[in-house]
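Chemist: Chain by chain, the residues run as shown.
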Amino acid sequence: MTVNWVALVVVVVLFALVTVMGFMAARWRRPADLQSLHEWGLGGKSFGTWTTWFLLGGDLYTAYTFIAVPAAMWATGAVSGFFSVPYTIVLYPVIFYFLGRMWSVAHRHGYITTADIVQGRYGTRSLSLAVAVTGILATMPYIALQLVGIQAVLEVLGIGGESLLARDLPLLVAFAVLAAYTYSSGLRAPAMIAFVKDILIYIVIAVAIIHLPGLFGGWSSIFDAAQTKMAAPSAANPAVPTGVFIPAPAQHWAYASLALGSAMALFMYPHSVTAALSSKDRSTGRRNAAILPAYSLLLGLLALLGYIAIKAGTKPIGLDGKVNPQLVIPQLFEDNFPSWFTGVAFGAIAVGALVPAAIMSIAAANLFTRNIYKAYLRPDASDATEAKVSKIVSLVTKVGALLFVLLLDKQNALNFQLLGGVWILQTLPSIVFGLFTRWFHRWALLAGWAVGMVYGTVTAYGYCTACTTRPFGNSLAIVPGLGDAGYIGLTALALNVVVTVVLSALLNAARVGNGTDITTQSDYFADVGDPGVQPVLADETRVH
Amino acid sequence: MNDLRSGGSDPRWRLTPTKYAVAALLLVGIIAPLLVSTYDRVEPRLFGFPFFYWYQLLWVFLAAGICGLSYWLLKRERDAYARRQQRTDVTTGGSR
Chain A
3 MTVNWVALVV VVVLFALVTV MGFMAARWRR PADLQSLHEW GLGGKSFGTW
53 TTWFLLGGDL YTAYTFIAVP AAMWATGAVS GFFSVPYTIV LYPVIFYFLG
103 RMWSVAHRHG YITTADIVQG RYGTRSLSLA VAVTGILATM PYIALQLVGI
153 QAVLEVLGIG GESLLARDLP LLVAFAVLAA YTYSSGLRAP AMIAFVKDIL
203 IYIVIAVAII HLPGLFGGWS SIFDAAQTKM AAPSAANPAV PTGVFIPAPA
253 QHWAYASLAL GSAMALFMYP HSVTAALSSK DRSTGRRNAA ILPAYSLLLG
303 LLALLGYIAI KAGTKPIGLD GKVNPQLVIP QLFEDNFPSW FTGVAFGAIA
353 VGALVPAAIM SIAAANLFTR NIYKAYLRPD ASDATEAKVS KIVSLVTKVG
403 ALLFVLLLDK QNALNFQLLG GVWILQTLPS IVFGLFTRWF HRWALLAGWA
453 VGMVYGTVTA YGYCTACTTR PFGNSLAIVP GLGDAGYIGL TALALNVVVT
503 VVLSALLNAA RVGNGTDITT QSDYFADVGD PGVQPVLADE TRVH
Chain B
69 MNDLRSGGSD PRWRLTPTKY AVAALLLVGI IAPLLVSTYD RVEPRLFGFP
119 FFYWYQLLWV FLAAGICGLS YWLLKRERDA YARRQQRTDV TTGGSR
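Protein sequences, first through last, are from chains A and B. Counting with our numbering, you get residues 3 to 546 for the letters of the first sequence. Counting with our numbering, you get residues 69 to 164 for the letters of the second sequence.
Everything labelled a hint here was simulated from the structure, so no lab data went into it. Just so you know, not all the hints are guaranteed correct.
What the hints assert, rightly or not - Below, in silico cross-link-like pairs of lysine to aspartate or glutamate (EDC-like), each with a Cα-Cα straight-line distance of 16 Å or less:
| hint | chain 1 | residue 1 | chain 2 | residue 2 |
| --- | --- | --- | --- | --- |
| 1 | B | Lys143 | A | Asp337 |
| 2 | B | Lys87 | B | Glu145 |
| 3 | A | Lys282 | A | Asp532 |
| 4 | B | Lys143 | A | Asp486 |
Make the full structure from the sequences, and use the hints.
Modeler: Encoded structure:
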């Protein structure tokens with residue numbers, strides 16, 4: 003394996019530059035007290051439309067977009083990859099329903115996590131604990147996906163070798179960089195870097211989308227090549243075709259449910275909620291819903307890079323000599339661009355995976371410190387202790403992510419995100435339903451969550467069609483009663499909702515107490531300037 | 069029934085025609101892009117893109133339009149509410 007030195011140097015320089023810029027920007031508005039959780043974990047500020055746009059967009063523009071989705075398109079086509087386009091389209095109408103109410107109640111009561119919101123509405127610690135634990139668990143595979151992305155870049159650059167230890171070297175380097183970066187910077191630097199990162203990515207995507215199709219005979223022949231590949235017998239099982247170019251009727255629900263499930267899951271993740279709540283007034287999130295779709299268009303074009311790689315005959319061979327679809331985009335760039343531009347692209351991908359991973363692990367750590375550590379273990383912890391605990395937990399979250407990469411099948415990295423979705427979706431009834439009504443009963447929500455978690459985990463664990471022998475290999479399973487395959491997360495959510503509705507009806511009829519609600523109706527419509535609304539969310543408010 | 073709802077009786081909690089309209093609009097923006105049977109075909113192509121692919125990219129703009137329209141409708145309602153509030157405040161002596 004030869005190392006691409008020019009590209010490697012460009013990557014390192016870009017990386018150093020972006021990091022220094024992030025720290026300088028953070029220093030420029032230096033907070034009074036860097037040691038508190040508030041500063042380290044929240045960035046301590048409120049953002050306007052454009053900053054929020056970049057922050058929210060950053061949730062989508064991760065290794066998911068430029069490594070996992072094109073890789074899935076390259077390997078098995080539309081159902082495994084292109085569903086991400088309708089996913090990011092329906093995402094905005096979905097969040098439009100509840101983002102305003104979520105912002106208002108959070109800013110009226112000083113909530114910074116989803117578990118806070120649930121605690122305020124139901125006053126039930128077991129329910130908010132369930133939400134917090136699920137949030138932390140579900141974030142781990144999502145971070146794992148980012149690690150796979152950084153690893154892919156390093157592997158194509160030629161770092162690592164064929165020996166047992168050297169084979170995992172890119173992964174370990176990726177992990178070490180992420181851990182060091184998050185530990186020292188907190189949320190401030192990533193928020194500042196989000197601008198630079200997105201601009202860098204735009205340039206790379208624009209160049210790739212303009213330059214590459216012409217190089218390989220235009221879109222028409224690219225789609226033809228993809229269609230031919232998808233129709234050819236699969237290498238693993240010649241009885242079935244390689245992939246799907248256009249979904250057949252039996253695959254419609256799989257395609258639609260993956261898109262809908264992913265869209266409903268995204269704004270349940272701790273990091274997305276942090277980003278959404280950091281906007282400066284109630285309407286910013288909704289205004290963004292109208293301009294964010296620009297991201298979806300680029301995501302669609304990025305997905306199609308997977309098809310371009312098919313036409314280009316890109317061969318993503320890993321250091322172990324085996325085909326690894328995750329390497330297809332880095333390999334496509336290395337084959338077709340001068341070394342320096344390859345370096346720029348790789349730098350953009352690496353920073354673009356690192357920043358979200360840092361934001362995700364910080365958000366998960368906040369959830370732990372606030373809703374588990376302070377609520378259960380040490381209610382009287384000082385600010386400095388809190389910040390310290392958060393830093394340690396964010397490291398633990400990343401170790402968990404590392405375990406996901408090592409233990410599960412990373413050939414289909416997209417699956418990591420979908421696995422996280424299976425879990426996080428089960429918190430949706432507790433978080434979202436409560437924003438609209440108090441009809442749903444706290445114990446019913448808890449029971450529904452438990453049923454959804456068990457069904458989702460068991461089903462996802464056992465089904466494995468495209469992978470080797472590793473667990474959690476596939477996110478699709480036959481939907482009971484429907485007969486077609488569908489996204490496990492959405493099926494589990496449906497079960498969850500049925501259990502919640504039935505039990506709520508019973509418990510309400512039996513007049514079982516439904517917890518203490520400390521919110522009032524007008525809390526859900528509060529905006530900046532209203533009495534009691536905190537423009538900047540701090541974590542001083544106690545919820546437990 | 070009242071004990072199941074949140075405290076207070078904020079008029080904004082009530083469902084209005086505008087809210088129904090927005091909910092319906094958004095529902096169209098969610099359901100239409102997921103009806104795979106309406107676009108699972110190759111022809112007609114556009115710039116070499118099969119219908120399946122360009123039609124979904126087209127929805128990016130349609131969804132943005134739906135969200136923009138919904139934003140405007142809700143803003144209009146909120147502004148009207150704020151004006152009414154102001155008038156009530158003036159007539160009742162402005163105490164809040």
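Chemist: Decide, hint by hint, whether the structure agrees.
Modeler: Hints versus structure:
no.: 1; hint: B/Lys143 with A/Asp337; verdict: violated (51 Å)
no.: 2; hint: B/Lys87 with B/Glu145; verdict: holds (9 Å)
no.: 3; hint: A/Lys282 with A/Asp532; verdict: holds (13 Å)
no.: 4; hint: B/Lys143 with A/Asp486; verdict: violated (42 Å)
Of the numbered hints given earlier, the model fails hints 1 and 4; all others are met.
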